[in-house]
Amino acid sequence: MTAGVDLGVPATQAIRSDEDVVRVRQLVRTTAVAVKLSLVDQTKLVTAASELARNTLIYGGGGSAEVTTVEDGRRRGVRIVFADQGPGIADLDEAFTDGFTTGGGLGLGLSGARRLVDDFDIWTAVGEGTRITVIKWSR
Amino acid sequence: MALSAEQSGRLARLLTEHADRLTARWTEIVAGSLRGRLSQAELARQARELHRSIIDAGQHGLRDLADEHGGELRAVLAELSASRARQGFSATETAISVFALKDALLELMEQSRDADTLRDFVAYSALIDQMGLFTFESFVRTREGLIADQAEQLLELSTPVVKLWEGVVAVPLVGTLDSARAQVVMERLLQTLVDTGSPYAIIDITGVPAVDTQVAQHILKTVVAARLMGADCIISGIRPQIAQTIVALGIEFGDIATKASLADALRHVLRLTGVETATRRARRES
Numbered sequence: 000m001t002a003g004v005d006l007g008v009p010a011t012q013a014i015r016s017d018e019d020v021v022r023v024r025q026l027v028r029t030t031a032v033a034v035k036l037s038l039v040d041q042t043k044l045v046t047a048a049s050e051l052a053r054n055t056l057i058y059g060g061g062g063s064a065e066v067t068t069v070e071d072g073r074r075r076g077v078r079i080v081f082a083d084q085g086p087g088i089a090d091l092d093e094a095f096t097d098g099f100t101t102g103g104g105l106g107l108g109l110s111g112a113r114r115l116v117d118d119f120d121i122w123t124a125v126g127e128g129t130r131i132t133v134i135k136w137s138r
Numbered sequence: 000m001a002l003s004a005e006q007s008g009r010l011a012r013l014l015t016e017h018a019d020r021l022t023a024r025w026t027e028i029v030a031g032s033l034r035g036r037l038s039q040a041e042l043a044r045q046a047r048e049l050h051r052s053i054i055d056a057g058q059h060g061l062r063d064l065a066d067e068h069g070g071e072l073r074a075v076l077a078e079l080s081a082s083r084a085r086q087g088f089s090a091t092e093t094a095i096s097v098f099a100l101k102d103a104l105l106e107l108m109e110q111s112r113d114a115d116t117l118r119d120f121v122a123y124s125a126l127i128d129q130m131g132l133f134t135f136e137s138f139v140r141t142r143e144g145l146i147a148d149q150a151e152q153l154l155e156l157s158t159p160v161v162k163l164w165e166g167v168v169a170v171p172l173v174g175t176l177d178s179a180r181a182q183v184v185m186e187r188l189l190q191t192l193v194d195t196g197s198p199y200a201i202i203d204i205t206g207v208p209a210v211d212t213q214v215a216q217h218i219l220k221t222v223v224a225a226r227l228m229g230a231d232c233i234i235s236g237i238r239p240q241i242a243q244t245i246v247a248l249g250i251e252f253g254d255i256a257t258k259a260s261l262a263d264a265l266r267h268v269l270r271l272t273g274v275e276t277a278t279r280r281a282r283r284e285s
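Protein chains in written order, with numbering that gives the first Met the number 0: chain A, 0 to 138; chain B, 0 to 285.
Incorrect hints may appear among the rest.
Unchecked claim - Short, incomplete list of chain A residues facing chain B, as computed with Cβ under 10 angstroms:
id : residue
1  : 26
2  : 42
3  : 85
4  : 86
5  : 104
6  : 106
Since the hints were made in silico from the structure, they are not lab data.
From the three backbone atoms N, C-alpha and C, an ideal C-beta is built for every residue, glycine too.
Start from the sequences and build out the full structure, keeping to the hints where you can.
Shown next, in the form of structure tokens:
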């Protein structure tokens with residue numbers, strides 16, 4: 000995936016409670032508006048961030064989200080990194096299957112979030128944690 | 000830390016001896032920091048009350064604000080900070096009301112230059128710091144209480160169920176739909192369905208900025224619960240960006256009717272119930 004060059008200082012939001020998920024959403028929306036994403040892309044990115052932040056909270060036991068404005072020469076975008084030191088994901092294929100959940104949700108959060116963004120990168124190790132990087136580019 | 004029994008006794012005597020001068024100076028300092036937002040008479044009354052409870056505590060040999068002789072003093076401080084918090088003063092302005100006593104005491108004690116007085120002042124100063132911190136903490140507690148009350152009121156306010164037509168109720172959802180609010184919405188809607196005997200309910204999500212899987216799940220559960228009670232639900236207010244996001248996420252609303260606007264939803268329900276809507280045409284007289 001294209002990492003992009005950082006523009007500006009990343010803003011970090013800790014994810015410890017439901018209110019923090021709302022704060023992540025607001026931070027992402029503000030950044031997306033600043034980068035001039037279209038309304039549809041803003042909504043998609045905010046929704047993806049909401050899913051991943053809630054996963055970080057519920058399955059990762061809390062963590063953080065780091066929001067950065069990035070550029071790859073032609074276009075600008077928003078990169079969000081969700082990191083936790085939770086149990087990790089044992090079977091990634093299973094986790095990305097629509098409708099699979101170990102919690103009580105719809106089982107669409109992780110797979111849906113991947114469909115909502117342009118770049119999606121996941122690193123996970125059982126017992127160490129999970130780190131998900133997503134980017135949405137402006138058109 | 001804290002005071003010895005003799006020190007607190009001396010503090011009580013000192014405060015009694017210079018009662019008028021101390022409370023007057025104290026009131027003056029606090030009044031300066033609050034810039035006339037509280038009347039002199041009110042401030043003087045609070046200073047006198049605090050003054051009296053410190054003397055009481057001192058006479059009983061108060062050693063630490065947290066011990067049993069400090070009960071009365073703590074109550075007075077808590078009352079002071081609660082009233083400041085409710086009147087909208089900042090935490091600093093509230094704490095200054097206590098810390099001002101330190102300045103007033105210093106002015107009184109700096110005339111004598113022996114080491115014992117200095118030691119006493121340091122001990123009193125530590126006690127006043129404790130009082131200040133206690134005030135600060137109870138200020139924060141009062142504020143947190145106010146915020147919790149407001150959050151609860153907001154929860155009530157933000158989930159009205161309105162009757163749109165005979166047999167049609169609507170829930171306009173605004174803002175973030177978390178689990179607590181979703182629960183309130185569901186309860187309200189189901190109760191209103193029973194109270195009004197309405198066979199149709201419209202859930203309008205125009206005011207929900209982002210529909211993620213959690214929000215969708217809450218809405219779906221509400222719809223299923225309403226169906227169990229024999230009512231049909233229509234979801235309205237699905238804007239283009241929300242529609243695209245829902246598709247990308249892969250959320251299926253199944254056979255639940257969804258409409259772009261509340262007006263469409265109402266028209267849909269009216270048609271189902273057999274109510275005819277007609278646009279009146281101006282009749283031309285020939």
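Do the hints match the structure? See the list:
Because the beta carbon of residue 26 of chain A sits about 13 angstroms from the nearest beta carbon in chain B, more than 10 angstroms, this interface hint is broken. The closest approach between the C-beta of residue 42 of chain A and any C-beta of chain B is roughly 4 angstroms, which is under the 10 angstroms cut-off, so the hint is satisfied. The closest approach between the C-beta of residue 85 of chain A and any C-beta of chain B is roughly 19 angstroms, which is over the 10 angstroms cut-off, so the hint fails. A cut of 10 angstroms between beta carbons decides the hint on residue 86 of chain A: the least distance to chain B is about 21 angstroms, and the hint is violated.
Given hint, residue 104 of chain A at the interface with chain B, holds; its Cβ is 6 angstroms from that chain's nearest Cβ, closer than 10 angstroms. The closest approach between the C-beta of residue 106 of chain A and any C-beta of chain B is roughly 8 angstroms, which is under the 10 angstroms cut-off, so the hint is satisfied.
Consistency note: the structure conflicts with the earlier hints numbered 1, 3, 4.
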